[in-house]
Amino acid sequence: MAEKLRVLTKEKINVAHDVSQSLQGAATMSDDYFPNTQWTADKVVDGDINQKVSGSSCAITVFAHKSVWLKVQLGKRFNVAYIQIFFRNELRCIDHYYGDDCNSQCGQCKDNAVCNNVTGRCPNGCQNHWTGDRCDECDDGFYNRLCTGVCGNCKKGAYCEKENGYCPNGCINNFKYPFCKECIDGFYNDTCTAQCGHCKGTKTCDKDNGTCISGCEPLFKYPLCQVFHSCAELLESSLVTRLSGSKILPLEIEFQGHLLEFLSILGLQSTISLSIGSLINNESQ
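Using my numbering, the letters of the sequence shown correspond one by one to residues 1 to 285.
Don't read these hints as lab results, they were simulated from the structure. These numbers come from a predicted model, not from an experiment. Any given hint could turn out to be false.
[Stated by the list, open to error] Using 30 Å as the maximum straight-line C-alpha spacing, the simulated BS3-like pairs for lysine-lysine come out as follows:
| # | residue 1 | residue 2 |
| --- | --- | --- |
| 1 | Lys221 | Lys155 |
| 2 | Lys156 | Lys200 |
| 3 | Lys176 | Lys207 |
| 4 | Lys200 | Lys181 |
| 5 | Lys156 | Lys181 |
| 6 | Lys203 | Lys221 |
| 7 | Lys110 | Lys176 |
| 8 | Lys156 | Lys176 |
| 9 | Lys155 | Lys176 |
| 10 | Lys176 | Lys221 |
| 11 | Lys200 | Lys221 |
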């Protein structure tokens, strides 16, 4: 029949057996407050009687519980003369925890420093983008759980919400709500102040450089599609598909479905060089 050791306490406990006499047993306790750490029940029978928290030799139960238990299964019957229990001998939380019950975790202290075990304050300040006495909230201009998100271009100089990055009052210029980090359709550049040109189809340009991805509307120059082709460019371009007319009579050019009429042409009859007087869009013909 296995011996049972029952202890009613909420303190940190180290029950040490003499390893040389092979009296170590299997230990369990009512609550494992820090599972998968160095503070588990097996530390009560490891032979280490170091009573300091920093010694990593104690088992820790849930502080808030008024009644807890510890059991040691010795494996066989013993005549027990006395039981000696080694409690911790320093009143502080384990590293990176603080508070009356030591159940509050330290914030993002600079260089991963250990916070004050009573107040939780970081001794050397906070890691980048964190703020507050305990370094547990994002600095202005940053957001998300790790404070790695950078706020967008919020209106009226406001900072974005530190949880989700939304701009509370909307965006400046032509930025897109709610993050205010990219331009709305039809605008481009770093400040979203430049308007897209005469883009073909969707009317939407690249929001970084203004390039019309689908090309330009007729007569406009790629890539920005904001200025017309010159007459000389039209004549020399492969876009010109048909010429008709004579030296002094109207000359017609069929260009991408549009009928263009040059009102007058001056130059040599051999058409080595031409001088264009004026150009109109004559789609009705």
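Within 30 Å, alpha carbon to alpha carbon, are Lys155 and Lys176?
-> The hint holds at about 11 Å.
Is the Cα-Cα distance between Lys200 and Lys221 30 Å or less?
-> holds (11 Å)
Below or equal to 30 Å on CA atoms is what counts here, so check Lys200 against Lys181.
-> Holds: Lys200 and Lys181 sit about 25 Å apart, inside 30 Å.
Assess, step by step, whether the Cα of Lys156 is no farther than 30 Å from the Cα of Lys181, and give holds or violated.
-> With Cα atoms ~15 Å apart, Lys156 and Lys181 stay inside 30 Å; holds.
Has the given pair, Lys203 with Lys221, been kept, meaning a C-alpha gap of at most 30 Å?
-> Answer holds: Lys203 to Lys221 is near 15 Å, not above 30 Å.
Hint consistency between Lys176 and Lys221 [alpha-carbon to alpha-carbon, up to 30 Å] | Given pair Lys176, Lys221 holds - Cα atoms ~28 Å apart, limit 30 Å.
Is the straight-line distance between the alpha-carbon of Lys176 and that of Lys207 30 Å or less?
-> holds (11 Å)
Is the hinted pair Lys110 and Lys176 satisfied, with a Cα-Cα distance of at most 30 Å?
-> Distance of about 35 Å is beyond 30 Å: violated.
Straight-line alpha-carbon gap Lys221 to Lys155, limit 30 Å | violated (35 Å)
Distance restraint between Lys156 and Lys176, which requires alpha-carbon spacing of 30 Å or less | holds (15 Å)
Given the hint that Lys156 pairs with Lys200, does the C-alpha gap stay at or below 30 Å?
-> Not satisfied, since the Cα-Cα distance of roughly 35 Å exceeds 30 Å.
The structure fails hints 1, 2 and 7 (numbered hints given earlier, in ascending order).
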